[in-house]
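Novice: Residue numbers (full-length UniProt numbering), protein chains in the order written: chain C, 1 to 240; chain X, 1 to 240.
Not one of these hints is a red herring.
Same chains, same names: a pair is fine if it fits in one copy or spans any two.
With a straight-line cut-off of 25 Å between C-alpha atoms, the simulated DMTMM-like cross-links for lysine to aspartate or glutamate are:
id, residue 1, residue 2
1, 229, 50
2, 229, 71
3, 215, 170
It is worth saying that the hints were derived from the structure and are not from the lab.
2 protein chains.
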Amino acid sequence: MQSIYKGKLPLSPPPKLAVISALDGIGTLVGAKFREHQVDKGQDVLRFGEVPEGLHVLIAGHTCRYRMLGDGRRQITAILVPGDLCDLEAGLRGRADYAVGALTRCLVGHLPADPICDAKPLNQELLAALLIRLRRDEAIAREWMVSLGRRSAIESLAHLFCELRTRLADVGLATEDSYELRITQDDLADALGITSVHVNRALKQLREYGLITLKRGILVMSDRPALEKLALFDPSYLQP
Amino acid sequence: MQSIYKGKLPLSPPPKLAVISALDGIGTLVGAKFREHQVDKGQDVLRFGEVPEGLHVLIAGHTCRYRMLGDGRRQITAILVPGDLCDLEAGLRGRADYAVGALTRCLVGHLPADPICDAKPLNQELLAALLIRLRRDEAIAREWMVSLGRRSAIESLAHLFCELRTRLADVGLATEDSYELRITQDDLADALGITSVHVNRALKQLREYGLITLKRGILVMSDRPALEKLALFDPSYLQP
DNA sequence: CGCACAGTTGACGCACATCAACCTGGGTGG
DNA sequence: CCACCCAGGTTGATGTGCGTCAACTGTGCG
Chain C
1 MQSIYKGKLP LSPPPKLAVI SALDGIGTLV GAKFREHQVD KGQDVLRFGE VPEGLHVLIA
61 GHTCRYRMLG DGRRQITAIL VPGDLCDLEA GLRGRADYAV GALTRCLVGH LPADPICDAK
121 PLNQELLAAL LIRLRRDEAI AREWMVSLGR RSAIESLAHL FCELRTRLAD VGLATEDSYE
181 LRITQDDLAD ALGITSVHVN RALKQLREYG LITLKRGILV MSDRPALEKL ALFDPSYLQP
Chain X
1 MQSIYKGKLP LSPPPKLAVI SALDGIGTLV GAKFREHQVD KGQDVLRFGE VPEGLHVLIA
61 GHTCRYRMLG DGRRQITAIL VPGDLCDLEA GLRGRADYAV GALTRCLVGH LPADPICDAK
121 PLNQELLAAL LIRLRRDEAI AREWMVSLGR RSAIESLAHL FCELRTRLAD VGLATEDSYE
181 LRITQDDLAD ALGITSVHVN RALKQLREYG LITLKRGILV MSDRPALEKL ALFDPSYLQP
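Please work from the sequences and hints to get the whole structure.
Specialist: Dropping the structure here:
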């Protein structure tokens, strides 16, 4: 595991190979030219209601899908890791019913034309690969609903840490028990449906239990089995 | 709006025409022979971890997707209405990471062979139709996450009622302000991530505010605009 | 060196959970 | 046809996990 950011800018080469290989079935994309650009923390990759042009692939950093309620309440509905498609199904048709924002400074690949809808005849392999990703996204969404509805704050937090480790390990960005996580407690709170104050207290608990340490953006699972047990984590939903 | 059930058995013809027409793009399915069978309340249409054979279409009644945690906690991750595919993406490959259960007695259509994966070359229209449904399912899941994480109990309940009205109206099973809803408070609780006692109190509040009545399985929205406002309901996520 | 943002902590309040008792209506069987 | 039965609904009393408010502390960056 290496830091993506040395100093201010992500000038150290992001681990592209692993990420690109994560785009397995979407390999055709790699052939296509896609333009990389940097997005600052807090910026939107896709605004709510926008009709996205093409596809956005996250290459380095973390983005999220989120929705706002009129009075300022925010719910993050997905946290994306390198190799993920930010606006997976938004590109399929119509305007997005969610926004995509950057949780850290990140590097995003942009494919201007939409290769799914534009290609005629439809690229079958691409479509199949897309279906697999849609399916995985939905499985993750289901698991988040379980956390939001039926897990306690500390269980939800532990579960999120376990899920992210698995997903990051899939693209070579996590070891067996650690990874880089530079997301603020405010953002974690909006993902878990609680307040940042309570995220802080739950983190403290996990630390006191000797399950994790989280310092300077590096998460270490000191006792991963115990953490997974506390979280009621069953990774089968993440398998292809 | 007519009752599906007269007496004990759903012998009155379910509103098949509307439901079938809801299968728009999946019209090819209608050509195929699919076997109808009845499922009693509480029975599973698909068990957790099972590899589903073919597809299940809900024709009458309500089913749900749900997940159990080891200690008995349950979270319903989707409520399905006639015209919906119960195991939409489960059929695409592999074992289901959720179960599908009947919330009321229902009528389910079963297509034994999987027309998506088996057909070679892939049926493009069918696939496109399936993508649209996947996309809608995911939009609904996102909105549920917003409810679970950021709406109060009464707002979530109101929102669910609004969502179901829209979805049922799409298949001709709801008027502008009423529909049949024979789901128990226990099931509503597991969908909303709260307890049935609290569902009861939230319902009482909505009744006292003059927004709804719910008697003998008939939900009437006495003041739909006010209900939608309370729920922070924006139906755009349900549009195709 | 100091600003600004993120994290930390304590006191207190509320939404929702828990427990337990009681009600209600429609289905069933004698 | 009535009397029972029991799942589901209703209500009150009390407990608690998380929210709110507010002050303070670290830490990275200009």
